[in-house]
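Asks: Based on the provided sequences and hints, a complete structural model is requested.
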Amino acid sequence: MDLRLPSKVLEHILSFVDSNEDRNSVSLVCKSWFETERRTRKRVFVRNCYAVTPEAVARRFPETRSLTLKGKPHFADYNLVPDGWGGYAWPWIEAMAAKCPSLDELRLKRMVVTDECLEKIAASFKDFKVLVLTSCEGFSTDGLAAIAVACSNLRELELRECIVEDLGGDWLSYFPETLTSLVSLDFSCLDSEVKLSDLERLVSRSPNLKSLKLNRAVSLDALGSLLRLAPQLVELGTGSFSDKLDQEAVSKLSQAFSEMKELKSLSGLWDVLPEYIPLLYSVCPGLTSLNLSYATVQMPDLVELLTRCSNLQKLWVMDLIEDKGLEVVASSCKELRELRVFPSGAEGLNDTNVAMTEQGLVSVSEGCPNLESVLYFCVQFTNAAMVTIARNRPNLTCFRLCVMEPFSPDHKTQQPLDEGFKAIVERCKDLQRLSVSGLLTNKAFEYIGTHGKKLRMLSIAFAGDSDLMLHHLLSGCESLNKLEIRDCPFGDTALLENAAKLETMRSLWMSSCCVSFGACKLLSQKMPKLNVEVIDEHPLETRPDSSPVERIYIYRTLAGPRLDMPEFVWTTQKNPEIGVSHLAIK
Amino acid sequence: MELDLDLSLSPHTNSSHFESGFDLNKHCPIESVASCLDTKHSRFQTMLGLVNIEEKFYVPKLRSFSLNSQPNEEDEDPLESEPSSIVFDEEENSEIFGQPPVKSCMTKYHNYRHHSRNHPYHHHGRRINASNLTTTIERVRPSSSSSTTPSRSSLYVKVKMDGVAIARKVDIKLFNSYESLTNSLITMFSQYQDCDREDTNYKFTFQGKEGDWLLPGDVQWTIFAESVHRISITRDLSVCVYNTFI
Numbered sequence: 001m002d003l004r005l006p007s008k009v010l011e012h013i014l015s016f017v018d019s020n021e022d023r024n025s026v027s028l029v030c031k032s033w034f035e036t037e038r039r040t041r042k043r044v045f046v047r048n049c050y051a052v053t054p055e056a057v058a059r060r061f062p063e064t065r066s067l068t069l070k071g072k073p074h075f076a077d078y079n080l081v082p083d084g085w086g087g088y089a090w091p092w093i094e095a096m097a098a099k100c101p102s103l104d105e106l107r108l109k110r111m112v113v114t115d116e117c118l119e120k121i122a123a124s125f126k127d128f129k130v131l132v133l134t135s136c137e138g139f140s141t142d143g144l145a146a147i148a149v150a151c152s153n154l155r156e157l158e159l160r161e162c163i164v165e166d167l168g169g170d171w172l173s174y175f176p177e178t179l180t181s182l183v184s185l186d187f188s189c190l191d192s193e194v195k196l197s198d199l200e201r202l203v204s205r206s207p208n209l210k211s212l213k214l215n216r217a218v219s220l221d222a223l224g225s226l227l228r229l230a231p232q233l234v235e236l237g238t239g240s241f242s243d244k245l246d247q248e249a250v251s252k253l254s255q256a257f258s259e260m261k262e263l264k265s266l267s268g269l270w271d272v273l274p275e276y277i278p279l280l281y282s283v284c285p286g287l288t289s290l291n292l293s294y295a296t297v298q299m300p301d302l303v304e305l306l307t308r309c310s311n312l313q314k315l316w317v318m319d320l321i322e323d324k325g326l327e328v329v330a331s332s333c334k335e336l337r338e339l340r341v342f343p344s345g346a347e348g349l350n351d352t353n354v355a356m357t358e359q360g361l362v363s364v365s366e367g368c369p370n371l372e373s374v375l376y377f378c379v380q381f382t383n384a385a386m387v388t389i390a391r392n393r394p395n396l397t398c399f400r401l402c403v404m405e406p407f408s409p410d411h412k413t414q415q416p417l418d419e420g421f422k423a424i425v426e427r428c429k430d431l432q433r434l435s436v437s438g439l440l441t442n443k444a445f446e447y448i449g450t451h452g453k454k455l456r457m458l459s460i461a462f463a464g465d466s467d468l469m470l471h472h473l474l475s476g477c478e479s480l481n482k483l484e485i486r487d488c489p490f491g492d493t494a495l496l497e498n499a500a501k502l503e504t505m506r507s508l509w510m511s512s513c514c515v516s517f518g519a520c521k522l523l524s525q526k527m528p529k530l531n532v533e534v535i536d537e538h539p540l541e542t543r544p545d546s547s548p549v550e551r552i553y554i555y556r557t558l559a560g561p562r563l564d565m566p567e568f569v570w571t572t573q574k575n576p577e578i579g580v581s582h583l584a585i586k
Numbered sequence: 001m002e003l004d005l006d007l008s009l010s011p012h013t014n015s016s017h018f019e020s021g022f023d024l025n026k027h028c029p030i031e032s033v034a035s036c037l038d039t040k041h042s043r044f045q046t047m048l049g050l051v052n053i054e055e056k057f058y059v060p061k062l063r064s065f066s067l068n069s070q071p072n073e074e075d076e077d078p079l080e081s082e083p084s085s086i087v088f089d090e091e092e093n094s095e096i097f098g099q100p101p102v103k104s105c106m107t108k109y110h111n112y113r114h115h116s117r118n119h120p121y122h123h124h125g126r127r128i129n130a131s132n133l134t135t136t137i138e139r140v141r142p143s144s145s146s147s148t149t150p151s152r153s154s155l156y157v158k159v160k161m162d163g164v165a166i167a168r169k170v171d172i173k174l175f176n177s178y179e180s181l182t183n184s185l186i187t188m189f190s191q192y193q194d195c196d197r198e199d200t201n202y203k204f205t206f207q208g209k210e211g212d213w214l215l216p217g218d219v220q221w222t223i224f225a226e227s228v229h230r231i232s233i234t235r236d237l238s239v240c241v242y243n244t245f246i
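Line by line, the protein sequences are chains P and E.
Numbering-wise (UniProt numbering), the first sequence opens with residue 1 and increments by one.
Numbering-wise (UniProt numbering), the second sequence opens with residue 1 and increments by one.
Worth double-checking, as some hints may not be accurate.
Said to hold, decoys possible - Among chain P residues calculated to face chain E with C-beta under 8 Å, some are:
| hint | residue |
| --- | --- |
| 1 | Ser293 |
| 2 | Pro343 |
| 3 | Cys398 |
Stated by the list, open to error - Under the rule of at most 25 Å between Cα atoms (straight-line distance), these lysine to any residue pairs were calculated in the SDA-like manner:
| hint | chain 1 | residue 1 | chain 2 | residue 2 |
| --- | --- | --- | --- | --- |
| 4 | E | Lys108 | P | Asp271 |
| 5 | P | Lys529 | P | Glu567 |
| 6 | E | Lys103 | P | Asn481 |
| 7 | E | Lys108 | P | Asp166 |
| 8 | E | Lys103 | P | Ser140 |
| 9 | P | Lys210 | P | Glu193 |
| 10 | E | Lys103 | P | Arg456 |
| 11 | E | Lys103 | P | Asn48 |
| 12 | E | Lys103 | P | Ser289 |
| 13 | E | Lys108 | P | Val132 |
| 14 | E | Lys103 | P | Gln298 |
| 15 | E | Lys103 | P | Tyr555 |
| 16 | E | Lys108 | P | Lys129 |
| 17 | E | Lys103 | P | Asp166 |
| 18 | E | Lys103 | P | Val46 |
| 19 | P | Lys334 | P | Gln359 |
| 20 | P | Lys244 | E | Lys108 |
| 21 | E | Lys103 | P | Lys529 |
| 22 | P | Lys314 | E | Trp221 |
| 23 | E | Lys108 | P | Glu193 |
| 24 | P | Lys109 | E | Met106 |
| 25 | E | Lys103 | P | Glu193 |
| 26 | E | Lys103 | P | Asp271 |
| 27 | P | Lys126 | P | Glu63 |
| 28 | P | Lys109 | E | Tyr109 |
| 29 | E | Lys103 | P | Ala217 |
| 30 | E | Lys103 | P | Tyr78 |
| 31 | E | Lys103 | P | Ser240 |
| 32 | E | Lys103 | P | Lys129 |
| 33 | P | Lys126 | P | Asp77 |
| 34 | E | Lys108 | P | Glu63 |
| 35 | P | Lys412 | P | Gln432 |
| 36 | E | Lys108 | P | Ser219 |
| 37 | E | Lys108 | P | Ser140 |
| 38 | E | Lys103 | P | Lys126 |
Since the hints were made in silico from the structure, they are not lab data.
A virtual CB, placed ideally from N, CA and C, is assigned to each residue, including glycine.
Replies: In structure tokens, the structure reads:
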């Protein structure tokens, strides 16, 4: 008797299995389940584009509708990865175009996307709907025009913090008059001015438009007319908020804002003038997300705004808010879940005027019971504050503290910040992401290794006494997935001793550390399932094994060494001339 | 890890010699410091006396692009070569590279000062007048690595103008004099940026191999053409820069 489920039945059952984690488990049951699962998977996430080949993915999941890819390591955001390293989207687009015609969503992060890529997308996928590019580069506004003109059912086009060669604002006019399906448009990272009439026409024929993020070049006046055309917006990114308007224009704009009953998310607000802050009052009570990263107003104005945002869950703001302003947030924004405080580079950073200290974060940790994610740039911190924060908020899942001055001790006791971070990792049992800063000794990393069992991503800079610190992390943090380190005295020993750990992680980045050339070679020889990339702008052939390398990037992969490495990326496979390691084999 | 405090004032403060680039033998980045572009030596001297100054200005690093003018671009195989349309400016004007760890979209917008009292590579950067605009041209990384520098048929350098997010690239070999180069640059920018073509208030400076910042005419054109790394165009003459090493 054939006990197998008919594949149609299995397919139907699997259609209820949404999460890819579950689907991965399903695919391991047996061959027929593997086959059925792979033919029905609709969304694929490849979080390291070099971990697997595009062809393998396209072959395995021919029916996929959505592909999400990440390219460069995270530290590329801070210019630590040299230009030309890699992360090219083209091979993926080519492979998907050949094998996965149903693809209609593409989400890329930190990848190099050229105009050719965009043209290929436009030409290959009949019903393309969603293009979200985050921190990508390599394309121009011409590529955008290609997407605009060809994708007649486009729903989302979002350029988040991309570096775009801006050849002008014409690209927007390429959206055909027949395109009425737009739900989300984000061109906030572009510089050029788009034609207002094109934008207005686009907005008026897009009844489903829910999210509109303008670039800085869109004037305040223009904003008014756009809001009147799209009062249904749920997410708005304004343009520049600093033009001088006459009284009538101001009141019309105020009226437009008050009509926006659905608005939940507000961003943009470049250069907002204090006198325009009241324009936003009417939308504040409905806001769940507010991004004030470019709103260069002082604390009193920020406070006026934030006292009215009682439903706020996500707040991104500059340190202009000061500790005092965060006290107000603590009392007004009880629903707050995520707080990011960015450095403004404001005058008087060394004076008491604008100086973010530990106080602000302590207040928020006390006042906001749902706070779970923190990114905090400040000039000073104390262990006591971190202990308090940990005690208040054991539900933290992401804690990224950046005390701007490297090696800063606890400013009250002059001690290292070890005990503070200990409290954080000890109490916050669900902590998944941690960035440390300040003066830290081995102890801090011992604590992290001992307690940080759920930690998946860890960022370290300018810390440490010795290799032991790295050993604590690699041997202790069981869930560690991504580790990125810069300017720490971590070297060979810990790396080689914990080599096996590296196969359980997505990636390890180390720059300006003390890893020797020989260790890299040895690691590469012994661990075939890893790509060990030495990123170094000087030739390595004549380097002794003991000499340190500038950067290493190690990641697990099924794809083997990649074929697109530039000359400054060295691997033992690509560069056999660098020889084998002469280090003693442990 | 080496702590490398440079305890002496640079003897070359007047002509502003600077180190740039990554010194891999020390296996830590050496920050490049901007040059003194102005002849306000007196102010410069005054600053030198203030040894406890800890404030520094970042000039935000701007990412930059080339025009599609590189000769070998047509057959570019995206798998094999680096995308020639983007060149990062890695070292420009940063004290501690990549600090504070903020994305470039924000550094583009804010000027960051970085206090690095404790940093081993501590030195002071330049203070720039708020209205100062600078442009830099940087040599594009050659696509073939070689320890010797062969004479090239073209030498592309990147032009960047502050306040203008997009840099341009220009082939130095196409020119035979400073004047032709500077005129061409002005034309190029005025095309894209509505710069006042007639505005002759441009000041060009060039950074050579050693990191020296020089004025047009300081070196012979032929020497310049082989060794230029960066070109800087300022539009505001009231530049005040100083450089102090602690």
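Asks: Check whether the Cα positions of Lys103(E) and Asn48(P) lie no farther apart than 25 Å.
Replies: 20 Å, holds
Asks: Tell me if the straight-line CA distance from Lys126(P) to Asp77(P) falls inside 25 Å.
Replies: Violated. Lys126(P) to Asp77(P) sits at ~33 Å, over the 25 Å cutoff.
Asks: With the threshold set at 25 Å, check whether the alpha-carbon distance from Lys103(E) to Lys129(P) stays at or below it.
Replies: Roughly 28 Å between the alpha carbons, so the hint for Lys103(E) and Lys129(P) is violated.
Asks: Next pair to validate is Lys126(P) with Glu63(P); report whether the Cα-Cα distance is within 25 Å.
Replies: Judged against 25 Å, a Cα distance of about 14 Å means the pair holds.
Asks: Are the Cα positions of Lys529(P) and Glu567(P) separated by 25 Å at most?
Replies: Given pair Lys529(P), Glu567(P) holds - Cα atoms ~22 Å apart, limit 25 Å.
Asks: Assess, step by step, whether the Cα of Lys103(E) is no farther than 25 Å from the Cα of Ala217(P), and give holds or violated.
Replies: Holds, at roughly 20 Å.
Asks: Would you check the hint for Lys103(E) and Tyr78(P), treating anything up to 25 Å between C-alpha atoms as holding?
Replies: At roughly 6 Å apart (the allowed maximum being 25 Å), Tyr78(P) and Lys103(E) satisfy the hint.
Asks: Holds or violated: is the Cβ of Ser293(P) closer than 8 Å to a Cβ in chain E?
Replies: This interface hint holds because 6 Å falls under the 8 Å limit.
Asks: For a C-alpha distance cap of 25 Å, please report whether Lys108(E) and Val132(P) respect it.
Replies: 22 Å, holds
Asks: Starting from Lys109(P), check that the Cα of Met106(E) is at most 25 Å away, please.
Replies: 18 Å, holds
Asks: Does Lys108(E) sit within 25 Å of Lys244(P), going by the straight-line distance between their CA atoms?
Replies: With a Cα-Cα distance of about 24 Å, the restraint between Lys244(P) and Lys108(E) holds, given a limit of 25 Å.
Asks: Are the Cα atoms of Lys103(E) and Gln298(P) separated by 25 Å or less?
Replies: OK: Lys103(E) and Gln298(P) at ~22 Å, within 25 Å.
Violation of the numbered hints given earlier is confined to hints 3, 16, 21, 22, 32, 33, 34, 35 and 38; the remaining hints are satisfied by the structure.
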